[in-house]
Amino acid sequence: MSEFKPVRFVDVALEGQFWRERLETVLTRTIPSQHVQLGKQGVLLSLTLPNQSLPLSVPGNEHDSGQVLWDSDAGKWIEAASYALSHRRDPDIEAWIENIVDDLEKAQAPDGYLNCWYLQREPDKRWTNLRDNHELYNLGHLLEGGIAYFLATGRRRLLDILERYVDHVCKTFGPNPGQKRGYCGHQEIELALVKLYRLTGDRMHLDLAAYFMNERGRQPHYFDQEAVARGEHPRDFRAKRYEYNQSHRPVREQTKVVGHAVRAMYMLSAMADLAAELNDDSLKKACEVLWADVISSKIYITSGLGPAAANEGFTEDHDLPNDTAYAETCASVGLIFWAHRMLHLELDGRYADVLEQALFNGALTGLSRDGERYFYSNPLESDGRRSRWAWHSCPCCTMNSSRLIASIGGYFVSASENAIAFHLYGGVSTNIQLATGNVFLRETSAYPFFGSIRIEVSPDAPAEFTINLRIPGWAHEAEASVGGCAVDVTACTRNGYLAISRLWNAGDTIALELPISPERIYAHPSVKQDIGRVALKRGPLVYCVEEVDNPGGAVQQLKLPRDARIETVERGDLFDGVVTLTASAERIEDQEWGDSLYRNAPPIVSGCRLTALPYYLWNNRAKGSMQVWLLES
1 MSEFKPVRFV
11 DVALEGQFWR
21 ERLETVLTRT
31 IPSQHVQLGK
41 QGVLLSLTLP
51 NQSLPLSVPG
61 NEHDSGQVLW
71 DSDAGKWIEA
81 ASYALSHRRD
91 PDIEAWIENI
101 VDDLEKAQAP
111 DGYLNCWYLQ
121 REPDKRWTNL
131 RDNHELYNLG
141 HLLEGGIAYF
151 LATGRRRLLD
161 ILERYVDHVC
171 KTFGPNPGQK
181 RGYCGHQEIE
191 LALVKLYRLT
201 GDRMHLDLAA
211 YFMNERGRQP
221 HYFDQEAVAR
231 GEHPRDFRAK
241 RYEYNQSHRP
251 VREQTKVVGH
261 AVRAMYMLSA
271 MADLAAELND
281 DSLKKACEVL
291 WADVISSKIY
301 ITSGLGPAAA
311 NEGFTEDHDL
321 PNDTAYAETC
331 ASVGLIFWAH
341 RMLHLELDGR
351 YADVLEQALF
361 NGALTGLSRD
371 GERYFYSNPL
381 ESDGRRSRWA
391 WHSCPCCTMN
401 SSRLIASIGG
411 YFVSASENAI
421 AFHLYGGVST
431 NIQLATGNVF
441 LRETSAYPFF
451 GSIRIEVSPD
461 APAEFTINLR
471 IPGWAHEAEA
481 SVGGCAVDVT
491 ACTRNGYLAI
501 SRLWNAGDTI
511 ALELPISPER
521 IYAHPSVKQD
531 IGRVALKRGP
541 LVYCVEEVDN
551 PGGAVQQLKL
561 PRDARIETVE
571 RGDLFDGVVT
581 LTASAERIED
591 QEWGDSLYRN
601 APPIVSGCRL
611 TALPYYLWNN
621 RAKGSMQVWL
631 LES
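Okay, so the sequence shown: first residue is 1 according to our numbering, each after it adds one.
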């Protein structure tokens, strides 16, 4: 197991333009607008008990009952807002959170139970449908919010409320007589309990997380038992199969990632957490097997996960359709959680490569440039009818986007007693305490658009330690130097990290050059939707073509010749500065086709100029068609 631990986001200052702009947008626009929406949609009102003014469910909601999930939406917003407060205190945000805490405190039952839907609607039926009704999932997100709020402000009233709830859960669930041998249908509580353990040091919290994980999929199946107790047939539910919630077999016996993608990512993240805390090699090995399955057959080039809307998740190997891709934003965020944890089980660049790919492509796409519109699903092709929404009947992705960006600094750097590791670049500074003393570091770059990176290293006193710099898998022929003296990158790189060990003095500077150039990417031939197609990538960024940049018709009519030279163009006038790609291309014309649906002559092909921009920016301007995988001629 790796000895590296992530440097907390509050100890990492974002100084580069790319992330500073995204963070400021979340702090000033996203968090406040989300609070407005929570009020408008009735989520905040649902926390005030008793309350007779809300319907039992949300009309038209695709889920069984939107309100069953609403506690979790409040919890995720508190977590995201607390991360914002960690950057900059805001009395309005703190007052909004305190109002929610007031309502939760009043709603809590004398035995500690706290689920506003059940307390309001069916107090006699609590803990009777763990498979579907998310009680433990809701607690998990509330708990993560309470921990974040305490760390940001020192206020622990919310945390105290939730710890009383956790005490109730500890008494309710377990292997002892009189306890329920259950676990949640939607994994999340396990992640929160590990966070609580790390905060409190109370082993009971870690043991409860391990219990839920170890109990999952054990026979006789708990979800069967509770369904029968409710008077229902065990398979009389929407998913029909327990692969949907990854309870079809014990977690250590699973070899394929199946079912609902977000549930899977949260479970795998918690498995990695528990592997680290318990030094459990069997959980680590299970994570590695399942990681290999995802990476070899189930991940979009954008790091989207889950092609199907029917189960919001996985289907068959290599089933990666583009225009119908579900690829839920939450799933990419969950993949980032998992990759980050795997990276701290073993310092290996393959995990950081996926983390970065999911961050810049799968997750960032979910939030608009103005910070107030969202994507729930993220297709890789659109006919122009897709657009971002201001809210959703199941608004999980909204707060997942904001809580990720508000805490993004925590993904950049890790440290052990005598070493530092940079996983991401983009302009940050931090102070790190090593066994030899404090070290100040400032990384300066215009990443992800440019790969010239400078790192200032200033220990309080001269000291020997190692700095590990991630060399991305796409960065061929990287170069590095310290104080102008070249470093042998090939000889000193292991598992994707360049290790520089030496006596460091204040003012030492590392120069790292990561060549960033456009490249063509091809899919495995078993991905039938991408046969004869090519995608464009530059550094960590996947590119797409949008109709607004390629007038003349749908972008599906564009073809990129295999020998066309792909050029980069710096666009300071677009989205505060981006790099686009351009190339000579062909367009299949349809103007002269007339009213015929078929004919025996091929269409006319004309020359044109193709322009592509980073995928995470699509659908921020005019409506129109979009495509990642282009026909190649």
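Derived from the structure by calculation, the hints contain no laboratory data. Hints are not guaranteed to be accurate.
Below 30 Å or equal to it, Euclidean Cα-Cα: the simulated DSSO-like pairs (lysine-lysine) are [as the list claims (entries may be wrong)]:
hint	residue 1	residue 2
1	K256	K171
2	K180	K5
3	K5	K284
4	K180	K256
5	K285	K195
6	K40	K256
7	K284	K171
Keep in mind the model is a prediction, meaning the values are calculated, not measured.
How the hints compare with the structure:
{"no.": "1", "hint": "K256 / K171", "verdict": "33 Å, violated"}
{"no.": "2", "hint": "K180 / K5", "verdict": "35 Å, violated"}
{"no.": "3", "hint": "K5 / K284", "verdict": "17 Å, holds"}
{"no.": "4", "hint": "K180 / K256", "verdict": "28 Å, holds"}
{"no.": "5", "hint": "K285 / K195", "verdict": "22 Å, holds"}
{"no.": "6", "hint": "K40 / K256", "verdict": "41 Å, violated"}
{"no.": "7", "hint": "K284 / K171", "verdict": "29 Å, holds"}
This entry does not satisfy hints 1, 2, 6, going by the numbered hints stated previously.
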